[in-house]
Amino acid sequence: MAFTTDLIYGNLAPALKVHGERLGVLSSNLANADTPGYKARDIDFRAVLNGAQVKAPTLRTTSALHQRGQFDLGSPRLWQVPAQPSADGNTVDTPLEQARFAEASLRYEATLRFVDGRVRGLLTAITGQ
Amino acid sequence: MPGFGIFHIAGSGMLAQSVRLNSVSSNLANADVVAGREDEVYKAKSPLFKAESQAQGGGVQVLEVKESEVPAEKRYQPGHPLADAQGYVYAPNVNAVEEMANMISAARSYQSNVEVVNTAKSLMLRTINMGR
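Chains A and B are the protein sequences, given in the same order. Numbering-wise (numbering that gives the first Met the number 0), the first sequence opens with residue 0 and increments by one. Numbering-wise (numbering that gives the first Met the number 0), the second sequence opens with residue 0 and increments by one.
A couple of the hints might just be wrong.
Said to hold, decoys possible - Beta-carbon label-pair distances, calculated as ranges:
1) A:Asn-10 <-> B:Lys-65: 48 to 58 angstroms
2) B:Phe-3 <-> A:Gly-88: 24 to 34 angstroms
3) B:Asp-38 <-> A:Lys-38: 31 to 41 angstroms
4) B:Glu-97 <-> A:Pro-81: 49 to 59 angstroms
5) A:Ala-124 <-> B:Asn-117: 54 to 64 angstroms
6) A:Asn-10 <-> B:Glu-66: 51 to 61 angstroms
Simulated from the structure, these hints should not be mistaken for laboratory data. Only a predicted model underlies this, so the values are computations on that prediction, with no experimental measurement involved. Positions of the beta carbon are idealized from the N, C-alpha and C atoms, including for glycine.
Start from the sequences, fold in the hints, and give me the full structure.
Structure representation (structure tokens):
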């Protein structure tokens, strides 16, 4: 049986990647909380991950030694709709953004734990201890 | 792993906010420095922020530190050693209340960037220690 990383991690690897990217986008919003005219952005995790499930790896491998390509999810950055308008055109709502960042980091950590659990499970299977 | 880009983004945010804090402290320190001529008087400074593009890293950059264009306050103080021929001295266009509000806002934004760095750091450490 081919033992690819997909078998071990399943959807968790792309999930981890998208959560990481989302953390980057949200930190960008927080850094620009006082930049006039800056428009807050976000990543729709569900939509991106659905896309990742549909998109099977398309790289053709002619040898068993070939590695499968890195998935490029191309996660689209959406614009956030502001709760209230501001005079300088900035749409970053700092408290909301902080809450989103906390949520995203929690989700990242949860995904990390699932991955960790799988790695530990495999290690137990390999070492038999 | 949340890339090292987060550290750049939050770092640029902290840098921008510290420039803002610097200009606030400069404005407050010079709030009472009067001059005998209008073009010599201190002018309130404030940084101009601009968002970096995604290709640049997505942080924030300080374009320049602009001087306020509000006219200087003209005070009639004939006894003042710096007073001009008509007896006027010129006080800076620094609004202390505005500066205090600015300072609190800058400190809060700085803090939220520090939180971002701490969170990203702990997540990266957890990622590194995965499987141990």
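The hints, checked one at a time:
Range check, Asn-10 (chain A) to Lys-65 (chain B): Cβ separation about 49 angstroms, and the 48 to 58 angstroms hint holds. Distance hint check for Phe-3 (chain B) and Gly-88 (chain A): the Cβ-Cβ separation is about 30 angstroms, which falls inside the suggested range of 24 to 34 angstroms. At roughly 39 angstroms, the beta carbons of Asp-38 (chain B) and Lys-38 (chain A) sit within the given window of 31 to 41 angstroms. Here the CB-CB span from Glu-97 (chain B) to Pro-81 (chain A) is close to 24 angstroms, at odds with the stated 49 to 59 angstroms.
In this structure, Ala-124 (chain A) and Asn-117 (chain B) break the distance hint of 54 to 64 angstroms, their C-beta atoms being roughly 36 angstroms apart. Evaluation of the 51 to 61 angstroms hint for Asn-10 (chain A) and Glu-66 (chain B) yields a pass: the beta carbon distance comes to about 54 angstroms.
Violated hints, listed in ascending order, are 4 and 5; each of the other numbered hints is respected by the structure.
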